[in-house]
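Enquirer: Build the full structure now, drawing on both the sequences and the hints.
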Amino acid sequence: MRFYLMDRITEFNIGKSAQGIKNVTLSEDFFTDHFPRHPIMPGVLILEALAQLSGLLLEKSVESEFKISIKAFLTMMEKTKFRHVVEPGDVLVLKTEIQSLHEDSGKVKVKALAGNRVSAESDMIFVFRSFHDPALEEKRKKIEEFWLKGIQKA
1206 MRFYLMDRIT EFNIGKSAQG IKNVTLSEDF FTDHFPRHPI MPGVLILEAL AQLSGLLLEK
1266 SVESEFKISI KAFLTMMEKT KFRHVVEPGD VLVLKTEIQS LHEDSGKVKV KALAGNRVSA
1326 ESDMIFVFRS FHDPALEEKR KKIEEFWLKG IQKA
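Be aware that the sequence shown starts at 1206, since it is given in the working numbering, and climbs by one per residue.
Errors might be hidden in some of the hints.
Said to hold, decoys possible - Distance condition first, Cα-Cα at most 25 Å in a straight line; then the derived SDA-like pairs of lysine to any residue:
1. K1316 / N1218
2. K1284 / K1314
3. K1221 / L1250
4. K1312 / F1278
5. K1286 / T1230
6. K1265 / H1243
7. K1346 / G1320
8. K1312 / S1274
9. K1354 / S1269
10. K1347 / S1222
11. K1314 / H1243
12. K1312 / P1293
13. K1314 / R1242
14. K1346 / I1275
15. K1265 / Y1209
16. K1316 / H1337
17. K1347 / H1337
18. K1221 / P1293
19. K1286 / N1321
20. K1286 / H1337
21. K1221 / E1268
22. K1347 / V1296
23. K1314 / D1338
24. K1276 / D1338
25. K1312 / H1243
26. K1346 / F1217
27. K1284 / S1269
28. K1286 / E1216
29. K1316 / M1282
30. K1347 / F1278
31. K1354 / H1243
32. K1314 / H1337
33. K1312 / T1285
34. K1284 / S1266
What the hints assert, rightly or not - Restraint ranges, calculated between C-beta atoms of paired labels, are given here:
35. K1347 / E1253: 33 to 41 Å
36. H1239 / G1320: 14 to 22 Å
37. F1271 / E1349: 17 to 25 Å
38. I1348 / H1239: 34 to 42 Å
39. V1290 / H1337: 37 to 45 Å
40. F1351 / S1269: 17 to 25 Å
Everything labelled a hint here was simulated from the structure, so no lab data went into it.
All C-beta atoms, glycine included, are put in the ideal place defined by N, C-alpha and C.
Expert: Next comes the structure, spelled out in structure tokens:
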């Protein structure tokens, strides 16, 4: 099973911040067991959605700033808090802001909101690795084009 946990990117400011959305629907596979008769989105998947948005922002920011192509790998989370449950029907707004950016690592501050309520927040640290995989690059390019459709990258 694949987990693309972001439906669309709504703001994308290379080197600074990004925002995206995840439309949470009852048809998500994870709701079958989490929890029967009271479905809530697992916190780890909310964090994964935030990491997907953050990783893409960091990769594009490193490419712009340092002129190198990397993949961002989440290695650490700090100050992680879950504040409110996410249920089917919620539109989860994902926000990430770069705190620091280097050639080999980066740190972001992330927040997920359902309505006007904070569902989760964390500081995430990523390390960067260079590797070339043409099949992965093609797959990533297609999903990035979909996520960024209609967005002007600043």
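Enquirer: Each hint: holds or not?
Expert: Hints, verified against the model:
Restraint check: the Cα-Cα separation between K1316 and N1218 comes to about 16 Å, which is no more than 25 Å; the hinted pair holds. Note on K1284 and K1314: the hinted pairing holds, with a Cα-Cα distance of about 10 Å set against a maximum of 25 Å. Between K1221 and L1250, the direct Cα distance comes to roughly 24 Å. Compliance with the 25 Å bound is thereby established for this hinted pair. Distance check on the hinted pair: K1312 and F1278 sit about 11 Å apart at the alpha-carbon level, within 25 Å; holds.
Distance hint between K1286 and T1230 is fulfilled; the C-alpha atoms sit about 23 Å from each other, no more than 25 Å. A threshold of 25 Å between alpha carbons decides the hint, and for K1265 with H1243 the separation of about 38 Å lies outside it, so the pair is violated. Our distance criterion of 25 Å between C-alpha atoms is broken by K1346 and G1320, whose separation comes to about 30 Å. For the given pair, K1312 sits about 18 Å from S1274 by alpha-carbon distance, which is consistent with the 25 Å threshold.
For the suggested pair K1354 and S1269, the alpha carbons sit about 20 Å apart, so the restraint of at most 25 Å is met. With a C-alpha separation of about 22 Å, the suggested pairing of K1347 with S1222 holds against the 25 Å cut-off. Taking the CA atoms of K1314 and H1243, the gap is near 30 Å; set against the 25 Å cutoff, the hint is violated. A hinted pair counts as satisfied when its Cα atoms are at most 25 Å apart, and K1312 with P1293 does not qualify at roughly 30 Å.
For a cut-off of 25 Å, the pair hint linking K1314 to R1242 is broken: about 33 Å separates their Cα positions. Annotation: proposed proximity of K1346 to I1275 holds, straight-line Cα distance about 14 Å (limit 25 Å). Annotation: proposed proximity of K1265 to Y1209 holds, straight-line Cα distance about 18 Å (limit 25 Å). About 31 Å separates the Cα atoms of K1316 and H1337, which puts this hinted pair outside 25 Å; it is violated.
Note on K1347 and H1337: the hinted pairing holds, with a Cα-Cα distance of about 17 Å set against a maximum of 25 Å. Among the hinted pairs, K1221 with P1293 is inconsistent with the structure: their alpha-carbon atoms are about 31 Å apart, more than 25 Å. Our distance criterion of 25 Å between C-alpha atoms is met by K1286 and N1321, whose separation comes to about 16 Å. Of the supplied pair hints, the one linking K1286 and H1337 is violated, its CA atoms being roughly 35 Å apart against a limit of 25 Å.
For the hint pairing K1221 with E1268, the CA-to-CA distance comes to about 13 Å; that is within 25 Å, so the pair holds. Among the hinted pairs, K1347 with V1296 is consistent with the structure: their alpha-carbon atoms are about 23 Å apart, no more than 25 Å. Restraint check for K1314 and D1338: not satisfied, since their Cα atoms lie roughly 29 Å apart, outside the 25 Å limit. At roughly 11 Å between alpha-carbon atoms, K1276 and D1338 fall within 25 Å of each other, so this suggested pair holds.
Proximity of K1312 to H1243 is assessed by CA-CA distance (about 35 Å); at most 25 Å being required, the pair is judged violated. A hinted pair counts as satisfied when its Cα atoms are at most 25 Å apart, and K1346 with F1217 qualifies at roughly 16 Å. For the suggested pair K1284 and S1269, the alpha carbons sit about 29 Å apart, so the restraint of at most 25 Å is broken. Annotation: proposed proximity of K1286 to E1216 holds, straight-line Cα distance about 24 Å (limit 25 Å).
Taken as a hint, the K1316 and M1282 pair is honoured in the structure, with Cα atoms around 13 Å apart against an allowance of 25 Å. With a CA separation close to 20 Å, the supplied pair K1347 and F1278 stays within the 25 Å bound. Distance check on the hinted pair: K1354 and H1243 sit about 34 Å apart at the alpha-carbon level, beyond 25 Å; violated. In summary, the hint linking K1314 to H1337 is not supported, as the alpha carbons are separated by about 28 Å, beyond the 25 Å threshold.
Proposed proximity of K1312 and T1285 is supported: the alpha carbons are some 14 Å apart, at most 25 Å. With a CA separation close to 24 Å, the supplied pair K1284 and S1266 stays within the 25 Å bound. Distance hint check for K1347 and E1253: the Cβ-Cβ separation is about 20 Å, which falls outside the suggested range of 33 to 41 Å. Under the hint 14 to 22 Å, the C-beta atoms of H1239 and G1320, about 20 Å apart, fit the expected range.
Between F1271 and E1349 the beta carbon distance is about 19 Å. The supplied range of 17 to 25 Å therefore holds. With their beta carbons about 25 Å apart, I1348 and H1239 fall outside the hinted range of 34 to 42 Å. The hint said 37 to 45 Å for the Cβ distance between V1290 and H1337, and at roughly 41 Å that hint holds. Range check, F1351 to S1269: about 21 Å between beta-carbon atoms, so the 17 to 25 Å window is met.
When held up to the earlier numbered hints, the structure conflicts with 6, 7, 11, 12, 13, 16, 18, 20, 23, 25, 27, 31, 32, 35 and 38 and fits the remainder.
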